[in-house]
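Colleague: Read off the chains here:
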Amino acid sequence: METYRPNIGTPIAELDTPCLLVDLDAVEHNFRHIAETYRDTTCKMRTHVKNLKTPILAHMQMRAGGTVGGICAAKVAEAEVMVEGGIDDILIANQIVGRDKIARLCALAKQADVKVAVDDAQNLRDLSDMAQQHDANIGVVIEVDTSMSRAGIREAAQGVALAQLATTLPGITFRGVMSHQTLPGRPDKATRQVEGRRYMQRCLEVKTAIEAVGISMDIVSTGETWTYDVAADLPGVTEVEGGTYALMSTAYDYMDEFQLAAKVLGTVISTPRPDMAIGDVGLRALASPGGVLPRVESMPGVTVEALHEAHIVLRTDDAASLRIGDQFLLHSGQQDIMVSRWDQMIAVRQGVVEAVWDLPARGCHH
Amino acid sequence: MERPIFKPLGTPVAELDTPSLVVELDALEHNLSAVHTFFQQATAKLRPLVSTHCCPTLAHQQLAAGGTVGGVAVMTLGQAEVFAAYGCRDITIANTAVTPAKLRRLCALARQSDITVVADHPTQLQRMAEAAKDQEILLRVLVQMGTDAQQSGLASAAAVALAQTIEQTPALTFAGITASPMPMPTIPFADVTDADVTAMSRQPLQQLADARKVLESAGIEVQVVSVGETILYEEAANFAGVTEVMAGMYALLDAHYAPYWPHLKPAVHVLTTVTSRPEPTLAITDAGQKAVGIDLGLPQVTSLAGVETTGLSAEHCRLRLDASAQAAVKIGQKLWLRPWDLGTCTNLYDLMWGVRQGRIEASWPIAARGQYR
Chain D
5 METYRPNIGT PIAELDTPCL LVDLDAVEHN FRHIAETYRD TTCKMRTHVK
55 NLKTPILAHM QMRAGGTVGG ICAAKVAEAE VMVEGGIDDI LIANQIVGRD
105 KIARLCALAK QADVKVAVDD AQNLRDLSDM AQQHDANIGV VIEVDTSMSR
155 AGIREAAQGV ALAQLATTLP GITFRGVMSH QTLPGRPDKA TRQVEGRRYM
205 QRCLEVKTAI EAVGISMDIV STGETWTYDV AADLPGVTEV EGGTYALMST
255 AYDYMDEFQL AAKVLGTVIS TPRPDMAIGD VGLRALASPG GVLPRVESMP
305 GVTVEALHEA HIVLRTDDAA SLRIGDQFLL HSGQQDIMVS RWDQMIAVRQ
355 GVVEAVWDLP ARGCHH
Chain A
3 MERPIFKPLG TPVAELDTPS LVVELDALEH NLSAVHTFFQ QATAKLRPLV
53 STHCCPTLAH QQLAAGGTVG GVAVMTLGQA EVFAAYGCRD ITIANTAVTP
103 AKLRRLCALA RQSDITVVAD HPTQLQRMAE AAKDQEILLR VLVQMGTDAQ
153 QSGLASAAAV ALAQTIEQTP ALTFAGITAS PMPMPTIPFA DVTDADVTAM
203 SRQPLQQLAD ARKVLESAGI EVQVVSVGET ILYEEAANFA GVTEVMAGMY
253 ALLDAHYAPY WPHLKPAVHV LTTVTSRPEP TLAITDAGQK AVGIDLGLPQ
303 VTSLAGVETT GLSAEHCRLR LDASAQAAVK IGQKLWLRPW DLGTCTNLYD
353 LMWGVRQGRI EASWPIAARG QYR
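Those protein sequences? They're chains D and A, same order as listed.
Per the working numbering, the first sequence starts with residue 5, numbered consecutively.
Per the working numbering, the second sequence starts with residue 3, numbered consecutively.
This is chain D alone, in the form it adopts within the complex (with noise of 0.2 Å):
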């Protein structure tokens, strides 16, 4: 476990390295888009906590505005991370099987209001069992799979015959529908609209059947970072679940109205040759998963060569731009992937130490 509290003050120069830094200015600015996005229509932000792996964060948004007052996450474990951290409205997007984890559920929901996704009966029929045992009452909202051929039914038939049984079975409250979308590649505005919403469609189909049959719902959640300004425009949505507009990554970069928050600095230690760095941040902490590399911030010339397990190769342009001791900023391809491989975090302002804050729910895989 990594411990590193450097005074408030500290000039981001005279920081240890690597270290995982968040931009104050950059994470505030996307939350008030949120917060402006949000402020006058019936759909709001659900920020998914997967991104952040602490409650200040996600309390952080929710001052701000534009949200439903909760969060969701994806994991129990990290749930119980944010209700110990004061949140008391959880989605749980994500299917709870097995007899501990879902005792861990119950237990959780009698102290908040907690919902969770389900995609099959049987499921749906432990859940209720154990929520009687523990006197408990759990929400559950139906996946639908959009997109993602991920978890969540396929057709809307299915959705019914959940959403019937969840309304005659006991310890458990039908709350609605929720779906996650993907769209690979760097999208316009345009593309996003229309896939987006021939998508997010597919669930509020399943919306539709439910209704047909007489039973109401609350929630229909559905939409993220890429849908975010789609979801808002969408009559029955009533809720956005996005995560990576928090931080931002290198992914994501076609929507500039958020800015990149999260990035790790680094030290050049050594230089091989005169258009090589090697820095000290490698694979580990950084995560390249599909082979995305780094990049590296405001220093042109300078690109990312190669990932090791505790090293970055860094070539330059310019022979001899970067010499030990140098520092760099790299920004992620998938920042909650690297987020999850940091227990702190560091609060930075115009390049001076604000806070430093623990991620709690780092590692909870549960």
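Derived by calculation from the structure, the hints in this document are not laboratory data.
Treat the numbers as computed from the prediction; the structure is a model and nothing was measured.
We put the beta carbon where it would ideally sit given N, CA and C, even for glycine.
Watch out, some of these pointers could steer you wrong.
What the hints assert, rightly or not - A few chain A residues that don't get close to chain D, going by computed Cβ distances all over 10 Å:
1) L11
2) A67
3) S115
4) K135
5) I139
6) V162
7) P172
8) E218
9) T245
10) A260
11) W263
12) S305
Claimed, not checked - Sample of chain D residues facing chain A (criterion: CB under 7 Å; computed from the structure):
13) M5
14) A81
15) D123
16) D124
17) R154
18) I273
19) L311
20) I328
21) G329
22) I341
23) G367
24) C368
Put chain A on the given structure of chain D with help from the hints.
Modeller: For chain A alone, kept in the frame of chain D given last:
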């Protein structure tokens, strides 16, 4: 921090909540016995590279298994601090230090433990010397040699020059030379054949042997000639002039290294649970990239035939099921994933569960995980 549900020792492993990192103790002990017995008889000795697992309990088992130099190797100063705190005295940090903050930490640690640090540039030596002089200690330095494949490190002549600088610097002591053979896991992946890998693994051995001769003919004593993690550990251990091999993968063995060493047994797995069965040929489990680490390759399902890992998203694993496996894979079922790369996987957990013949026997802290600094 991982928040597992703790189970009493003796509990069947299938009752562990998932995802969890599990070590088969019989396989681990087989590997320790095979490799350490070999090194007891070899010319060079083993210096366990413990950054592959980051677990001090396991490091002490390695040191107790014989055939070692009596110390360990790590990749970062932060890891060295943790292993020192857990009682390791002789630690080689296969890395360098150049900033004031790090040099202060390095000198403080070197005062309490037998630390060797690596250098491949005169500026590093200059800064180490200033810090060591200031802190009134002696820093022991190993010179890193390069290979063409890595495009970094030093050729023989440059190594000699660095060794001479160290010899002439009162605050520094020259320990010897080191080089890391391929295949070092990197991104982007090196496109190499098995024959290339063998050739690249052999190259630094000769390079080190040549450099040793050059140094000795220049009147410089070379105590340590250390080879980094290599598929050719047996060849390295008996290569003339080599004194130690920094190896770590052999203990737990991941899917990447397993084919190179058929006499060893993969001992590490991630236990995962099927959470969704949305289509006949598709199963979703609860171990995604945050629980396995796919930077260098996908994990393999080892507990059931006809199941293939097709991809991992942040929180989920996707499995494609052959007709033969479709009936067997149900929601709630637990499966075993063998990680492709050990280091990126163990780094994600705070503890590993030791299991023997299907029952939990131990839980060991992965105390040095996340120590990037």
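Colleague: Confirm or reject each hint.
Modeller: Against the structure, the hints come out as follows:
At roughly 17 Å from the closest C-beta of chain D, the C-beta of L11 (chain A) stays outside 10 Å, upholding its exclusion from the interface. Separation of A67 (chain A) from chain D is adequate, the least Cβ-Cβ distance of about 24 Å exceeding the 10 Å criterion. Every C-beta of chain D lies more than 10 Å from that of S115 (chain A), the closest at about 19 Å, which supports listing it as non-interface. Under the 10 Å C-beta cut-off, the non-interface status given to K135 (chain A) relative to chain D holds; the minimum distance is some 18 Å.
A cut-off of 10 Å between C-beta atoms confirms that I139 (chain A) is not in contact with chain D; the least separation is 20 Å. Every CB of chain D is more than 10 Å from the CB of V162 (chain A) (nearest about 16 Å), matching its label as outside the interface. Under the 10 Å C-beta cut-off, the non-interface status given to P172 (chain A) relative to chain D holds; the minimum distance is some 22 Å. Distance check on E218 (chain A): its Cβ is at least 25 Å (rounded) from any Cβ of chain D, clearing the 10 Å threshold; non-interface status holds.
Consistency note on T245 (chain A): stated as away from chain D, and its beta-carbon is indeed over 10 Å from all of that chain's, at 23 Å minimum. At roughly 18 Å, the least C-beta separation between A260 (chain A) and chain D is larger than 10 Å, which holds for a residue marked as non-interface. With a closest Cβ-Cβ approach of about 19 Å to chain D, W263 (chain A) is found to remain outside the 10 Å limit, as its non-interface label requires. Against chain D, the non-interface label of S305 (chain A) holds: every CB pair exceeds 10 Å, the least being about 16 Å.
Of the supplied interface hints, the one on M5 (chain D) holds, with its beta-carbon coming within about 6 Å of a beta-carbon of chain A, less than 7 Å. Residue-level restraint check for A81 (chain D) holds (minimum Cβ-Cβ distance to chain A is 4 Å; threshold 7 Å). A cut of 7 Å between beta carbons decides the hint on D123 (chain D): the least distance to chain A is about 6 Å, and the hint holds. With a least beta-carbon distance of about 6 Å to chain A, the hint placing D124 (chain D) at the interface is held under the 7 Å criterion.
Contact between R154 (chain D) and chain A, as hinted, is supported at the beta carbon level, the nearest pair being about 6 Å apart and thus within 7 Å. Taking 7 Å as the C-beta contact cut-off toward chain A, the hint placing I273 (chain D) at the interface holds, the least distance being around 5 Å. The interface hint given for L311 (chain D) holds, since its Cβ lies 4 Å from the closest Cβ of chain A, which is under the 7 Å cut-off. At a threshold of 7 Å, the smallest CB-CB gap from I328 (chain D) to chain A is about 4 Å, leaving the interface hint in force.
For G329 (chain D), the interface hint holds, since its Cβ comes within 7 Å of a Cβ in chain A; the closest pair sits about 5 Å apart. Because the smallest distance between the Cβ of I341 (chain D) and any Cβ of chain A comes to about 5 Å, under 7 Å, the interface hint for this residue holds. Proximity of G367 (chain D) to chain A holds as hinted, the smallest CB-CB distance being about 4 Å (cut-off 7 Å). For C368 (chain D), the suggested interface contact is upheld, since its CB lies about 6 Å from the closest CB of chain A, less than 7 Å.
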